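Residue numbers (the UniProt record's numbering), protein chains in the order written: chain V, 1 to 708; chain D, 1 to 155.
These are calculated hints, taken from the structure and not from any lab test.
Some clues are possibly wrong.
Stated by the list, open to error - Here are the simulated distance ranges between beta carbons:
1) Pro-692/V with Ser-77/D: 27 to 37 Å
2) Arg-605/V with Glu-88/D: 46 to 56 Å
3) Glu-88/D with Glu-626/V: 53 to 63 Å
4) Phe-23/D with Gln-296/V: 56 to 66 Å
Given the structure is predicted, the values throughout are model-derived calculations rather than measurements.
Just so it is clear, CB atoms sit at the ideal spot from N, CA and C, and this is done for glycine as well.
This is what each chain is made of:
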Amino acid sequence: MPGMKDTNIVKIAVEMTDQVPQLIEFNQKQPLAGIIQELCNGWNLTEPEQYALQFSENNNCNYITEKNRNEIKNGSVLRLQYSPSKTAQDILHKLNLGSQEEKSQALQKLTNLSADMTFALDFINKQGLALIIRQIEGGKCKGSILAHTLLSFVELMEHGIVSWDILEGNFISRVAGLVNTTQESQVTQAALSILENVVLNSSEGYGQVEREVPIPSLITHLQAAPVVQQNAVALINALLLKADVAKRRLLASTLASKQVRTVIQHNILETGAAKGAEMAHQLYVLQTLTLGLLEQRMMTKMDPQDQDGHEKIKELRRIAFDGEGPGGARGPSGFTRDYKKLGFKNDINPALDFIETPPGLLALDCMIYFARTYPDGYTKLVLENSCRADEHECPFGRASVELVRILCDLLAIGETPSEQGQTFQPLFFTHDHPFEECFYICIMLLNKTWKEMRATAEDFGKVASVVREQIVRALALSPGSLDQLKARLQVLTYSEITALWQQERTSREEWESHARPIVELREQITPEILGLIKQQRLAFLVEGTRFTKYSARGQRIKDKFWYMRLSPNHKVLHYGDCDEKSAPTIEELGSKLTVSDVRALLVGRDCPHMRGRKSSHHLAFSLALEGVDLQSLDCVAPDELTLAYWTDGINTLLGQRMQSRETDKDLDTLLSMEIKLRLLDAEGVTIPQDPPPIPPDPPNYQFCYDLK
Amino acid sequence: MWIPTKTKKYGVAVYNWRGDTKFGLSLEIGETVQILEECQGWYRGFSTKNRAVKGIFPQTYIYLKNCKVDNEGLFESVVPVEDSVVREVTLVLREWGDIWKKLFVDREVYKFETVGKVMRDLLEWRRQLVSGTLTQDQTRELKLKIIGKIDWGNR
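Turn these sequences into a full structure, and let the hints guide you.
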């Protein structure tokens with residue numbers, strides 16, 4: 001049937017080197033072999049079984065198979081090439097018997113093709129991988145041949161067709177040798193990548209790589225080109241991941257040493273190499289693994305028999321109070337008093353402060369680090385708080401435990417690195433004890449914030465939440481050094497944080513005022529509020545207004561006034577002359593006019609008494625009448641507000657909408673207050689943007705409480 | 001089966017609901033409700049504005065609040081657990097809200113504007129109090145300030 005489109009047919013072009021391209025209709029129902037046969041016929045090629053189709057796109061040059069053929073779309077351009085099997089055969093042939101030149105070309109081709117699963121499978125089945133492995137083990141290749149051999153190997157292994165366990169010690173040693181010597185960067189990169197995979201994927205491999213690749217040789221690679229750096233960090237990460245705790249600790253301390261740190265800082269962080277996504281990920285993994293070493297202490301509660309722990313607690317006391325004079329007179333009660341001053345929760349036995357995990361003993365470690373490294377700052381902080389006579393002292397012990405808990409949580413200590421993570425803190429690569437230093441900076445901050453908040457013991461939780469917020473916000477900017485962190489925190493004072501909170505609250509409120517349910521509520525309340533405004537306007541009319549008299553030609557008449565007011569039942573308008581001060585009662589006003597006689601309200605230029613006047617009076621309004629002698633009652637209001645009130649009032653009497661800007665203003669004032677009052681009980685409750693789901697009707701209506 | 005609720009006794013509507021179902025109780029956002037019983041995603045109860053009208057409403061429309069229940073059962077009384085000053089401000093604001101609207105209608109312009117401003121101050125302070133980010137000292141100070149204003153207003 002003409003016009004019917006067969007969805008199985010796609011129109012495509014097929015190219016081939018040195019041939020005129022063919023435009024064909026590719027039928028998805030027809031076997032590939034048949035299509036290739038036809039194409040070969042078109043180009044007079046014999047042996048169609050030696051050919052295969054390939055995608056011809058920048059990022060996709062894969063062979064087309066029965067599995068991926070539905071990726072072919074209208075307008076696709078394909079290539080007819082020698083089949084994977086034939087190509088693999090050719091490459092192998094050249095590798096075995098070809099000249100040096102041919103070998104090199106074949107390897108280059110192999111590197112490109114190895115990423116294709118179809119080809120890789122064919123090549124591996126033809127013992128190609130074994131040949132590559134032998135070549136690497138043989139150790140005779142050099143330069144670009146070696147680079148391509150290694151890269152092909154990496155690509156072939158990526159498919160997971162062959163297990164990494166097939167590799168023998170000999171092979172690993174050879175690759176390790178390449179890492180340990182100076183090579184072209186492509187070679188180093190591929191060798192590092194192979195070893196990383198060996199460590200991660202082969203059961204025996206880790207031990208050998210760990211033995212044969214000394215850390216200093218990896219450190220050298222951290223100073224090389226970015227791709228090599230990345231692979232070096234990745235290998236370090238792999239080694240860290242597989243190491244047992246003792247080895248990991250050793251490795252981490254090597255990495256934290258000043259020499260290594262400087263290399264990372266100067267060659268990776270400062271050069272901008274860390275901005276790349278892959279490098280960022282590797283550094284994130286490195287940071288996570290290194291900080292992960294703290295997990296053990298974090299999860300260990302203090303044992304009552306822990307001598308080391310007790311010594312540390314005593315030392316904290318000694319450093320803080322020994323300056324006070326001879327400690328000889330201090331008995332056990334003296335200890336308790338001091339522990340209280342140190343701000344422990346359990347001043348009789350401070351060990352109990354460290355039984356909660358996290359942060360466990362890590363808190364004690366941080367405290368003792370602070371006391372030993374910065375004895376002056378430590379003593380000052382403790383004494384300052386223990387000497388306060390009021391309620392406002394900041395309990396150092398309790399605060400430290402809480403702070404370490406917050407830090408552990410924020411830095412996700414103990415979590416295994418995720419595949420996607422890219423967030424790392426450069427400052428953790430800048431110090432031997434970055435975590436403890438962070439603690440030191442933050443405990444000083446906590447003390448400062450405590451003072452700024454004029455907090456008491458009851459406020460402990462609130463101070464902690466502010467400090468947490470301060471740290472989160474400071475770290476969000478990834479400070480490059482501990483000093484930068486300190487400077488950033490210095491700026492984020494308590495008042496700054498409350499200002500930020502206030503801002504967020506305001507913008508949330510702003511959002512909420514546009515939220516659907518609130519807009520609905522506004523609409524619902526509006527008639528009621530408009531009612532109030534009408535009431536107010538009519539009351540104004542009942543009270544009445546003194547107007548200045550104007551002549552028929554629209555000229556103001558000096559010293560002549562008249563007065564108009566609405567009857568309390570809103571049915572009659574009374575008016576009449578008056579003097580400049582009086583406000584006559586209804587009885588005193590000679591003329592009247594029933595509201596039902598008013599046909600329309602006219603304003604400004606439309607008023608009969610303003611007609612023809614060049615500068616029409618913007619305060620003028622007229623009541624157009626019918627069924628009475630008078631054509632219209634013409635007025636000029638003394639001011640804008642009076643004009644607005646009269647026009648609103650008359651419109652209300654005529655059953656029309658009030659149009660003054662004053663109405664909009666009043667409506668807004670009254671409505672926004674009303675909404676706020678209605679929502680008082682919903683303060684702090686999140687308001688959904690869309691209606692919540694309604695459950696299916698209840699199965700019955702047999703209520704427990706039925707008052708009927 | 002409808003079962004009397006034990007702790008879920010008091011809440012606030014987070015959305016408007018027309019109550020368009022059998023025995024439905026329509027709700028406006030911000031309205032507080034007392035809950036009697038529940039059944040498969042529904043509550044049955046009444047608005048604290050009008051205790052006589054009982055009906056059912058979806059649980060998803062209600063944010064539950066802490067409360068204290070006395071005299072459990074048919075004639076139980078439910079009192080929201082709330083800071084006393086917050087409660088007081090809420091009541092005062094609602095009361096003043098009516099007075100304020102009357103001032104508007106009567107065109108007591110000066111009083112209308114002054115009371116309006118004080119109410120907005122009270123609203124803001126109440127919000128700070130509810131947000132729970134203040135220290136005890138600040139809370140105490142704020143409460144004094146609020147009580148001062150309320151006294152001013154009631155005079």
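Here is how each hint holds up against the structure:
no. : hint                                : in the structure
1   : Pro-692/V with Ser-77/D: 27 to 37 Å : holds, 29 Å
2   : Arg-605/V with Glu-88/D: 46 to 56 Å : holds, 55 Å
3   : Glu-88/D with Glu-626/V: 53 to 63 Å : holds, 58 Å
4   : Phe-23/D with Gln-296/V: 56 to 66 Å : holds, 60 Å
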